[in-house]
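Kindly produce the complete structure, drawing on both the sequences and the hints.
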Amino acid sequence: MSRPVSRFAIIGALLKKELKAYTRDTVYLALTLLVLVAVPVVFRLLPDSVEETITLAVSPPVAEMVDEAKDALRELGAADERLSALDDSDLAEEHEGMVLVEFDDPERMKDVISGTLEAWRTEDGAVVYRGEGGDRPEGAERVTVQVGIEFPRRFISDVASGERDVTVTVYSDAGVPEEIKGAMRSFVREAAYQLAGEQLPVDLPAEEMIILGEDRAGEQVTLQQKMRPLLLFMILMMETFSMASLVSTEVLQRTVTAVLVTPAKVGDFLAAKTIFGTVMSLSQALIVLALIGGVTSQNWSVMLATLLIGSVMFTGVAMFVGSAGKDFMGQLFYAMLFTIPLLIPTISVMFPGSAAPWVRLIPTYPVIDVLVRSTIHGAGWADVWPSLLYATAWLTMLYGAGVVALKRKVESL
Amino acid sequence: MTGPAINVEDLHFSYGDLEAVKGVSFDVRPGEILGFLGPNGAGKSTTIKMLTGQLTPNSGVARVLGIDVSTDDPALQARIGVCFEEKNLYLNMSARENLEFHASLFGIKDANAEEALRRVGLASRAADRVKTFSKGMRQRMMISRAFINKPDVLFLDEPTGGLDPVTSAAIRKTIKEEAERGAAVLLTTHDMFEADELSDRVAFINEGEIVALDTAESLKLTYGTRAVKVRLRDGASVREETLPLGGGGASARLAELAASPDLLTIHTEEATLEQVFIRLTGRGLEG
Chain A
1 MSRPVSRFAI IGALLKKELK AYTRDTVYLA LTLLVLVAVP VVFRLLPDSV
51 EETITLAVSP PVAEMVDEAK DALRELGAAD ERLSALDDSD LAEEHEGMVL
101 VEFDDPERMK DVISGTLEAW RTEDGAVVYR GEGGDRPEGA ERVTVQVGIE
151 FPRRFISDVA SGERDVTVTV YSDAGVPEEI KGAMRSFVRE AAYQLAGEQL
201 PVDLPAEEMI ILGEDRAGEQ VTLQQKMRPL LLFMILMMET FSMASLVSTE
251 VLQRTVTAVL VTPAKVGDFL AAKTIFGTVM SLSQALIVLA LIGGVTSQNW
301 SVMLATLLIG SVMFTGVAMF VGSAGKDFMG QLFYAMLFTI PLLIPTISVM
351 FPGSAAPWVR LIPTYPVIDV LVRSTIHGAG WADVWPSLLY ATAWLTMLYG
401 AGVVALKRKV ESL
Chain B
1 MTGPAINVED LHFSYGDLEA VKGVSFDVRP GEILGFLGPN GAGKSTTIKM
51 LTGQLTPNSG VARVLGIDVS TDDPALQARI GVCFEEKNLY LNMSARENLE
101 FHASLFGIKD ANAEEALRRV GLASRAADRV KTFSKGMRQR MMISRAFINK
151 PDVLFLDEPT GGLDPVTSAA IRKTIKEEAE RGAAVLLTTH DMFEADELSD
201 RVAFINEGEI VALDTAESLK LTYGTRAVKV RLRDGASVRE ETLPLGGGGA
251 SARLAELAAS PDLLTIHTEE ATLEQVFIRL TGRGLEG
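Respectively, the protein sequence lines represent chains A and B. With this note's numbering, the residue at position 297 of the first sequence is 297, and numbering never jumps. With this note's numbering, the residue at position 189 of the second sequence is 189, and numbering never jumps.
Just so you know, these hints were derived from the structure itself, not from any lab. In this text, all values refer to a predicted model and were calculated from it rather than measured experimentally. All C-beta atoms in this analysis are idealised placements derived from N, C-alpha and C, irrespective of residue type, glycine included. Be careful, since some hints might not be right.
Said to hold, decoys possible - Covered by chain A, per the in silico footprint, the following chain B stretches (three or more residues, Cβ under 8 angstroms):
hint: 1; segment: 12 to 23
hint: 2; segment: 115 to 123
Unchecked claim - Here are the simulated lysine to aspartate or glutamate pairs, EDC-like style, with alpha carbons at most 16 angstroms apart:
hint: 3; chain 1: A; residue 1: 409; chain 2: A; residue 2: 327
hint: 4; chain 1: B; residue 1: 229; chain 2: B; residue 2: 274
hint: 5; chain 1: B; residue 1: 131; chain 2: B; residue 2: 86
hint: 6; chain 1: B; residue 1: 22; chain 2: B; residue 2: 207
hint: 7; chain 1: B; residue 1: 131; chain 2: B; residue 2: 97
hint: 8; chain 1: A; residue 1: 110; chain 2: A; residue 2: 124
hint: 9; chain 1: A; residue 1: 20; chain 2: B; residue 2: 114
hint: 10; chain 1: A; residue 1: 16; chain 2: B; residue 2: 97
hint: 11; chain 1: A; residue 1: 265; chain 2: A; residue 2: 411
hint: 12; chain 1: A; residue 1: 265; chain 2: B; residue 2: 72
hint: 13; chain 1: A; residue 1: 265; chain 2: B; residue 2: 10
hint: 14; chain 1: A; residue 1: 70; chain 2: A; residue 2: 158
hint: 15; chain 1: B; residue 1: 220; chain 2: B; residue 2: 177
hint: 16; chain 1: B; residue 1: 22; chain 2: B; residue 2: 10
hint: 17; chain 1: A; residue 1: 70; chain 2: A; residue 2: 81
hint: 18; chain 1: A; residue 1: 20; chain 2: B; residue 2: 97
hint: 19; chain 1: B; residue 1: 173; chain 2: B; residue 2: 197
hint: 20; chain 1: B; residue 1: 131; chain 2: A; residue 2: 411
Shown next as structure tokens:
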């Protein structure tokens, strides 16, 4: 004869069973271990710094152009002040964020930019070349050039003497953004103005640039930092598949019916599924978070709250998906149907500023938004509470839909 | 408990427009096995679902152990055992774990899973996952699970369906043991042999209605045809003659045949439950 049993004891028994079912399934287990290992590894493999310099190639070398210009201008009777001014030209100076590589032969420069020839800079600063099958130069560092400018040999003298019909060719790798190409054209024009002894028809304030918002000069957001919230989000989503599969198995094999003819009620069953799904996804996210970093004394509570909201939200989705599918393929179909749209807001992590207004209406948007702002920009409660409130509203709707769908499914068996 | 363990009065249930159970009434006493006999779709499983709290009756009253089943009282579920037709076991858990989990839902901490498995001949497979079990072994697991809380009322839905004779006999033996312990058993089946062998009484259910409810013997006597079959030598072949008992002139003819030198055998003929069912409903049990 059995004794009266408390709801806590029943939910505890159901949770113990859930854990057994989860750990006994090699697919779930393998998936979990893979996520826990692969995510931190992938994270570590991502670049943890931002390439802040651009390597610019010029041909011919600036010194040669200056010497040619001096000779030419001297013959034209130019004053010594004018000639010495050429030496002061900063055309050959390496500005912050720009490395200059000079090529004698413009054809070689083009080959290096197009990738058919490798350029290596030796310890003494000389550039050596390596063709296909050639030996790697010892003690040299590979120089990757994306943009090159081919000046006419008489560029400086022509410009300085007021010649208007001077053509400069800018070569660029196919992957160079249009903005950089534009900047190079501007650089050439500025150099021409300078060499011609004219002032740019633009007034710049004494302070060169005013940064609006947080000045991240020298500490740009790395790919690692960008990917951190995305990886956390992916973990929450991956758990949806496992949880949906657990729910679906219970429904399709009708084991839940056997549970519900005991003192356990539908509410106990739903509570156990909710707790288990939430704990599984939250714990995995927290483990990975500990491994990939991103938690500070300022943002830990925001991170915890956001991941908790995300975990419950995806548990609700899993309940819905698990109760909708009539078989494995059906469940997979519903899982894809619901999770792919929920993934869309993550694109805004990869491409900041790309979130269209309608993307903000997707339930997962506020979750990913808070994760990004918290991990990358150190946002605190004061900054993110409206987003968290919005996420909680979506959570209530999604979880409610999941619970109602699963309850109806279970009761109809 | 002095009253019936199960008391059902004018129970109705519909799936949408389809009326599956139409005013069913019956009682089952403690220690009694009531066989619920009927073809597929007759309303047997729907009745069990209402009695175990899985479905709420549209109308009528059903009490199990004095508790109205529509009240969703956990005290009721604590005292019943259910064996489903579908083998809904946790396949990735061992036999022992399945029983211990089920027992824990009843608040039983010291479930003697080994003893429960021994009763159904599965003690040696206690640690094996259920997914490695044969169909017959899984069915024995289902029976074992239904008994784990020593229930006062057992609902057994086709407990030997599709099993071999040896496994079926083993399961019937354990069902009888439970009834002898004092449990009321409601057994649904469309196996007339099983119903005949196990049941103290049999209820015929057809199209949602109970068309007859009595002991198997009484049903056969009431609705069957009693007869005597006589086999006689007829030259090189054998001739049979059937004499209805109680019919006019049957006794005189039987005496005449009994005195014949060609007489080979005399057998009494008794109606089967299936014949009774067909006579009552105009359809067979396998439909």
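- Query: Which earlier hints turn out false for this structure, listed by number in ascending order?
  - Reply: As far as the earlier hints go, 1, 2, 4, 8, 9, 13, 15 and 20 are violated by this structure, in ascending order.
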